[in-house]
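Student: Residue numbers (our numbering): 6 to 499.
It is worth saying that the hints were derived from the structure and are not from the lab.
A few of these clues could be false.
Okay, derived cross-link-like pairs now, BS3-like style, lysine-lysine, Cα gap no bigger than 27 Å in a straight line [stated by the list, open to error]:
(1) LYS41 / LYS398
(2) LYS41 / LYS276
(3) LYS55 / LYS32
(4) LYS360 / LYS156
(5) LYS398 / LYS32
(6) LYS55 / LYS276
(7) LYS360 / LYS396
(8) LYS32 / LYS360
So the derived label-pair ranges between C-beta atoms look like this [as the list claims (entries may be wrong)]:
(9) GLU81 / ALA290: 25 to 31 Å
(10) PRO427 / ALA52: 35 to 41 Å
(11) ALA219 / ALA282: 35 to 41 Å
Glycine included, each C-beta is placed from N, C-alpha and C at the ideal position.
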Amino acid sequence: MLINPLKAGTGGADRAHIEAVIYEASKGTRFFEEQKRRHARTADRIARLKAHAARVTRSDLAEAEQTIAHRRAAIEAAVLSDVDADGRPRVMVHCDLDAFYASVHEVDEPQWRTVPMAVGGTGGDGVLTTANYVARRFGIRSAMPTWIARKLCPQLAVLDLDFAKYRVAAAKVRTVFSRYDPRFRSASLDEASLDLTPYLAEHPELTPAQAVEAMRAAIHAETGLTASAGIAANTMLAKIASDANKPNGQLLVPFDRLGILAFVGALPVRKFPGIGAVTDHVLDAFGVLTGADIAAQMPFLWTILTPALRDYLLCVSMGVPSGAALPPAPPGASSTPGGDAATRRSGISSERTFKSTASLAFLQAMLRDQCATLADDLRRSRVFARTLTFKIKKESFAVLTRSRSTNGYVRTAGELYRHVEPMLLAVVREHRPPTQWRLLGVRASGLVGENADGMTAGVRVGVRVGGNDGGNDRDDATRDGRRSDAVRRRGGHP
DNA sequence: GCGGATCAC
DNA sequence: CATGGTGATCCGC
Numbered sequence: 006m007l008i009n010p011l012k013a014g015t016g017g018a019d020r021a022h023i024e025a026v027i028y029e030a031s032k033g034t035r036f037f038e039e040q041k042r043r044h045a046r047t048a049d050r051i052a053r054l055k056a057h058a059a060r061v062t063r064s065d066l067a068e069a070e071q072t073i074a075h076r077r078a079a080i081e082a083a084v085l086s087d088v089d090a091d092g093r094p095r096v097m098v099h100c101d102l103d104a105f106y107a108s109v110h111e112v113d114e115p116q117w118r119t120v121p122m123a124v125g126g127t128g129g130d131g132v133l134t135t136a137n138y139v140a141r142r143f144g145i146r147s148a149m150p151t152w153i154a155r156k157l158c159p160q161l162a163v164l165d166l167d168f169a170k171y172r173v174a175a176a177k178v179r180t181v182f183s184r185y186d187p188r189f190r191s192a193s194l195d196e197a198s199l200d201l202t203p204y205l206a207e208h209p210e211l212t213p214a215q216a217v218e219a220m221r222a223a224i225h226a227e228t229g230l231t232a233s234a235g236i237a238a239n240t241m242l243a244k245i246a247s248d249a250n251k252p253n254g255q256l257l258v259p260f261d262r263l264g265i266l267a268f269v270g271a272l273p274v275r276k277f278p279g280i281g282a283v284t285d286h287v288l289d290a291f292g293v294l295t296g297a298d299i300a301a302q303m304p305f306l307w308t309i310l311t312p313a314l315r316d317y318l319l320c321v322s323m324g325v326p327s328g329a330a331l332p333p334a335p336p337g338a339s340s341t342p343g344g345d346a347a348t349r350r351s352g353i354s355s356e357r358t359f360k361s362t363a364s365l366a367f368l369q370a371m372l373r374d375q376c377a378t379l380a381d382d383l384r385r386s387r388v389f390a391r392t393l394t395f396k397i398k399k400e401s402f403a404v405l406t407r408s409r410s411t412n413g414y415v416r417t418a419g420e421l422y423r424h425v426e427p428m429l430l431a432v433v434r435e436h437r438p439p440t441q442w443r444l445l446g447v448r449a450s451g452l453v454g455e456n457a458d459g460m461t462a463g464v465r466v467g468v469r470v471g472g473n474d475g476g477n478d479r480d481d482a483t484r485d486g487r488r489s490d491a492v493r494r495r496g497g498h499p
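Work out the full structure, taking the sequences as your base and the hints as a guide.
Tutor: Here it is as structure tokens:
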């Protein structure tokens, strides 16, 4: 008799049961096999790092210690200068709605509050976007395929996504945020980062924790949603703290240097934003489990890790967002915080998963669809593309990409397709049947605004791609069947 | 510049 | 039987 999942909390026995169900369901699937291959590549990477580590000398370490000492001094100087007009540290808050999509449905239809429920993933190949907290006790998580979730919990209710509803709810929540910081930033519908310093200056009777309690209470009163929050000296710490007492809780991280170091020192490395499953595994292989381990082993890590990662680790182990006190950017680099270079998207993409197929005609039709979608997005964003990347995924889940830089003025569906179709043909030719494919997409990057030099809306200079480029977005004269024949003639090894 | 990988949401 | 889509960044050629 299996353990009753209704009693599942965070207990070890229940967790083991959940893991066993997931393992039994996943075992043998193509997805699982691809995961194993990725795991093997990570193991190779760790082995190479260990071989490198074995060659590290005392003088390498001594040199690293010097470099680290200088970097640490620079970081501390920069952090101490990041204070408000009165010389006090800023009070940053990160606020995060709990199980946002699922909770919005619960507010509208309270019958979902007491039963396991998840949102998204109603299609055949669906994965869940959010699960309510009842469902989470069964081990159900976001990004879990629906069919595995049903093995964990057969009575699970799965609702369709309703973004219109989520946008309405998010807009209400944002009116609350704006009362506490009119300049708050949101990276997604369900979270926001606020600078509470001005608000607190106007309300000296409130502690930061009291103000945030009141903000979360206002969110609940005005939307029925619960939120969790973190309060700290910078946004990174606030974000980490917002996760600590979820759901419907908050945490204040000490603002003094030693308090910050104690907080990050006790933190498992996986909690730092930017350290995912793979980096966690790599660090684990070197006995680096916590922020304190990072700090203690910094000289050694410095000698074996790549520049971006080691600098990131140095910063976060001091409780400081990465990139702090870096040397000034080279002249000409467009790194204007708050300016439009910082907010401009660097790429736009469209991709789609479908029932695995080896049919070139189908893949061509799908690629046309993705190009049409991407063309619409480019036009709406008022940009042209300099680089196009074709992406395709095998039935085995292995992913391939091919990219090519263009003259910088590509946007219509037809232009996009003429650039990426050869990439599709080449990849398919390299992988002869019976290779089957399950996803295909196209990404535009190196975006150039319509009003950039030499560029005005409707008049594009220097466009010469294929034979038909009158600026018409609808030019799908080339028939799939004809392409298919052409490919067949060209296909095949010598 | 290109292709593979990693990460967040 | 069966595992998403979008955007960003980094690393090693």
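Student: Given the proposed pairing of LYS360 with LYS156, does the C-alpha separation stay at or below 27 Å?
Tutor: holds (23 Å)
Student: Keeping to a limit of 27 Å between CA atoms, is the pair of LYS41 and LYS398 held or broken?
Tutor: holds (17 Å)
Student: Does LYS32 sit within 27 Å of LYS398, going by the straight-line distance between their CA atoms?
Tutor: holds (20 Å)
Student: Between LYS55 and LYS32, does the CA-CA distance stay at or below 27 Å?
Tutor: violated (30 Å)
Student: Indicate whether the distance between the beta carbons of ALA219 and ALA282 respects the range 35 to 41 Å.
Tutor: Since ALA219 and ALA282 have Cβ atoms about 37 Å apart, the given range 35 to 41 Å holds.
Student: Take a quick look at whether LYS55 and LYS276 sit within 27 Å of each other, Cα to Cα.
Tutor: holds (24 Å)
Student: Regarding the pair LYS360 and LYS396, is the alpha-carbon distance no greater than 27 Å?
Tutor: Answer holds: LYS360 to LYS396 is near 16 Å, not above 27 Å.
Student: Holds or violated: the 35 to 41 Å window for the beta-carbon distance between PRO427 and ALA52?
Tutor: Holds - the Cβ-Cβ distance for PRO427 and ALA52, about 38 Å, lies within 35 to 41 Å.
Student: Does 25 to 31 Å hold as the CB distance between GLU81 and ALA290, or does it fail?
Tutor: holds (30 Å)
Student: Is the hinted pair LYS32 and LYS360 satisfied, with a Cα-Cα distance of at most 27 Å?
Tutor: holds (21 Å)
Student: Please verify whether LYS41 and LYS276 have alpha carbons no more than 27 Å apart.
Tutor: holds (24 Å)
Of the numbered hints given earlier, the model fails hint 3 alone.
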